[in-house]
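Both chains are sitting in their own frames, so use the hints and assemble them into the complex.
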Amino acid sequence: MSAGRDHRELSELLGAWALDAVEDAERAEIEAHLATCARCRAEAEEHLAVAAALGNTAAQPPAGLWERIAASLDDTPPPLALEPRHRRLPRRLVVGLAAAAVVLFAGLGYLLVDQQRQIDRLQAALLDDALARAASVALADPDSRRAVLRSEDGTVQVPVVIDATGTGYLLADRLPPLPEGRTYQLWGVSADTVVSLGVLGPEPRLVAFRATIAIDALALTDEAAPGVAVSEQPPLAVAELPV
Amino acid sequence: MGRRDDVTELGDAALVVAIGRYRQDALAEAYRRHGGAVFGLARRLLGDPHRAEEVTQEVFLRLWDRPDRYDAERGSLRSFLLVTCHGRAVDLLRADGSRREREDRTAQQAAGEPYDLEREVWDMALADSVRDALGELPEPERRAIELAYYGGRTYREVAELLDAPEGTVKSRIRSGLRRMRAVLAESGIGEAR
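Chains as they are written, first to last, in this note's numbering: chain L, 123 to 365; chain V, 172 to 364.
One chain only, chain V, in its complex shape (with noise of 0.2 Å):
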């Protein structure tokens, strides 16, 4: 049996060159390693744990039928996961009612309580690294990105939110991703290549 073929051993181009044949070992290894960040996520997103594990269900599926959309030259493996986690969950809120309320409420949050919605993100145990390159964007960036981002929201509603004309928003929001990208750059965050 001289053949090696542990997984847990590859990195996460050759995990997925794996999977592309069909190996569920590879995939419950890339759950291992980045299952918990997509659950994780997709939780901050919509709140409710069931639809979170819906979610991350489906990430995972999604990474089964179609290993070839994960582009390793783009970034690695997690980013590609937490992109698509993201832009599923930010659907189903999109989608449905229960979005409206939760945005009410923390709208309401945000403007009378700008301090709460920080104390949130910091709640999600964010990377330390990630959460201080956050913490160096000047007030109004961070507002933005972070109503965007964590709440699933357009620009245009955080700008309605944060009363602000919408070219502001989109622009506090390009700046800030791009003076984070300089702090996580420097302090070697591998997702900001």
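Looking at chain L on its own, in the form it has when it is part of the complex (with noise of 0.2 Å):
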């Protein structure tokens, strides 16, 4: 009842917090309080990990459950059949494609949208951590194709992979920063048309991206922020791709 709670009474029931084992109420206090408190935050993925631990148990799952539940997935509208329980602790998120437009060389006029929902829910679903984890992956599997992006001068050198299923992964963490206002943007190249893979913003690290339709190449432009539809800039560095 008692609103208002301090830092140490808040923390004090970070161990309750873990275990579900709190009312709603303490629940939103204590998760408002996580979102500012960094050791508290600590504290209590520690705390998470434990009661995770807790809850293995070596079950079978009945006979039948996953065919009801892949039947289900074609007809589930995407959110949300299951009331969410906000527990999720703040976290950081790839900057990268969030905003990225995918758009068609002029003239086209064709928008994939589809391509462009699969790279939000991608770059969504991709945390630092899993993201490196994932180019490892492209980069370990024989059935990648590999390039690096040069600039003419050979200053700039981008490595980036695209895997089997055509995820692509740019190992930018040497670019240059650009200075504020400018963005690095990703395009795509193929025999008729030129597409945005990206825009990757000022100073990219490892950025993830989609080539759903065939690409020979790729190409990196500097940009005015946000990026463009279409680039008039001659690009930084360019890749031709292995068949």
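Worth flagging that the hints you see were computed from the coordinates, not collected in a lab. None of the values given here were measured: they were computed from a predicted structure. Incorrect hints may have been included.
Claimed, not checked - Derived, one-sided and incomplete: chain V residues facing chain L with beta-carbon distance under 7 Å:
1) 253
2) 257
3) 258
4) 326
Stated by the list, open to error - Derived list of chain V stretches under chain L, where covered just means 3 residues or more per stretch with a C-beta under 8 Å from a C-beta of chain L:
5) 184-198
6) 207-221
7) 239-249
8) 310-320
9) 330-343
10) 346-353
Said to hold, decoys possible - Distance windows between CB atoms, simulated:
11) L/312 <-> V/179: 24 to 34 Å
12) V/192 <-> L/273: 24 to 34 Å
13) L/129 <-> V/218: 32 to 42 Å
For each residue, glycine too, the CB sits at the ideal point set by N, CA and C.
In structure tokens:
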């Protein structure tokens, strides 16, 4: 009941919180506090890990349950059959393609809406760690396509790998940062189109992108933020992709 | 077809990325790895296998709809799914009346036969090391954690059940979890990082 608990009182509740053993009002208060208190956040994460360990059992799921889940996938509208419990801790998202514009070269006039949606989902699912791991899986895969985006003078070299499913990873952390108001943008080039694969921001590191159409080459440009539909810049670096 | 597409070889983080790409085979693989654990926990909390199935289904549909909710920095996919499952099962327990009967029943056991609950926990075939870590806790801490986590109770309810001050229960849970973390870390359980 007591509104406005302080750090000490809230931190005493962290164990109970991790076990879902607080009341709703308390949970809301704790989670608001976690958003601003790194020390409590660190403790909460530790408790949560132990709580999850407690939940481990050796049970077998009942026969047929997967089939029922699979059957409901197609006609499940995205959110949300389940009332969410907002207990996620605040977290960093990878900057990169979140705001990516996927547009086609002028004159071709169709928009890859689905590609955009997939990029959003993909990017949202990728956090630094997961992204690095996914990229290393792609790098290790003999079926992935590898290339290096190079500038004419050789000063810019950006490795890229595209896995067999068309997800690419740009290892962009050695790109020089751009001044304010500028952004890197990645383009896919095929026989008759140039597609924006993502607006990367002024200081990209590891970036994921989707290459759903057949792409023969990649190009990197420096554009005015927030990126452009059609580039008029000469590419900073280009790479031809192996077939 | 030189395309290697075997989700069974992906790590959990990469698996979630594949789920983000609407790959049903990736969700199937996540279910294969973790479906039993999720169902087991739901059944432990809810008692009723049908409702446990529903919760399990919800947990995996939720992963399908919102793969971005999984944060690989915060722990394993197993942890994430179990935390989701526990929260959802507790919601159900608190939302309906079946909870009361069950609680009363368990409360009597807890009051009269202190080892029943413990045996019940053993029956769940918890991972050995987790069981060991729980077993190493001082009795009052273990009781508080078990009643809260496996019973889906709030710390207030636990305090009432044990006839102990709320503040005491809060700190028993907290110190018990800390102690468990240390033990789990010693035994190399990934969950405790």
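Evaluation of the provided hints:
About 4 Å separates the beta-carbon of residue 253 of chain V from the nearest beta-carbon of chain L, less than 7 Å, and the hint is met. A cut of 7 Å between beta carbons decides the hint on residue 257 of chain V: the least distance to chain L is about 6 Å, and the hint holds. Checking residue 258 of chain V against chain L by beta carbon gives a least distance of about 4 Å; that is within 7 Å, so the hint holds. Nearest Cβ of chain L to the Cβ of residue 326 of chain V: about 4 Å, under the 7 Å cut. The hint holds.
Note: the stretch 184-198 of chain V has 11 residues with beta-carbon separation from chain L under 8 Å; the three-residue rule is met and the coverage holds. Proximity of the stretch 207-221 of chain V to chain L, defined as three or more residues with a beta carbon under 8 Å from a beta carbon of that chain, is established by the 9 residues found. Residues of the stretch 239-249 of chain V with a Cβ under 8 Å from some Cβ of chain L number 10, which satisfies the need for three, so the listed coverage holds. Residues of the stretch 310-320 of chain V lying with their CB closer than 8 Å to a CB of chain L number 3, which satisfies the three-residue condition for coverage.
Interface restraint, the stretch 330-343 of chain V with chain L: holds (4 residues with C-beta to C-beta distance below 8 Å; minimum three). Counting residues of the stretch 346-353 of chain V whose C-beta lies closer than 8 Å to any C-beta of chain L gives 6; at least three are required, and the coverage claim holds. Taking 24 to 34 Å as the suggested C-beta distance range, the pair residue 312 of chain L and residue 179 of chain V conforms, at roughly 32 Å. For the pair residue 192 of chain V and residue 273 of chain L, the beta carbons lie near 32 Å from each other, so the given range of 24 to 34 Å is met.
Judged by the Cβ atoms, the range 32 to 42 Å given for residue 129 of chain L and residue 218 of chain V holds: they are separated by roughly 38 Å.
Of the numbered hints stated above, none is contradicted by the structure.
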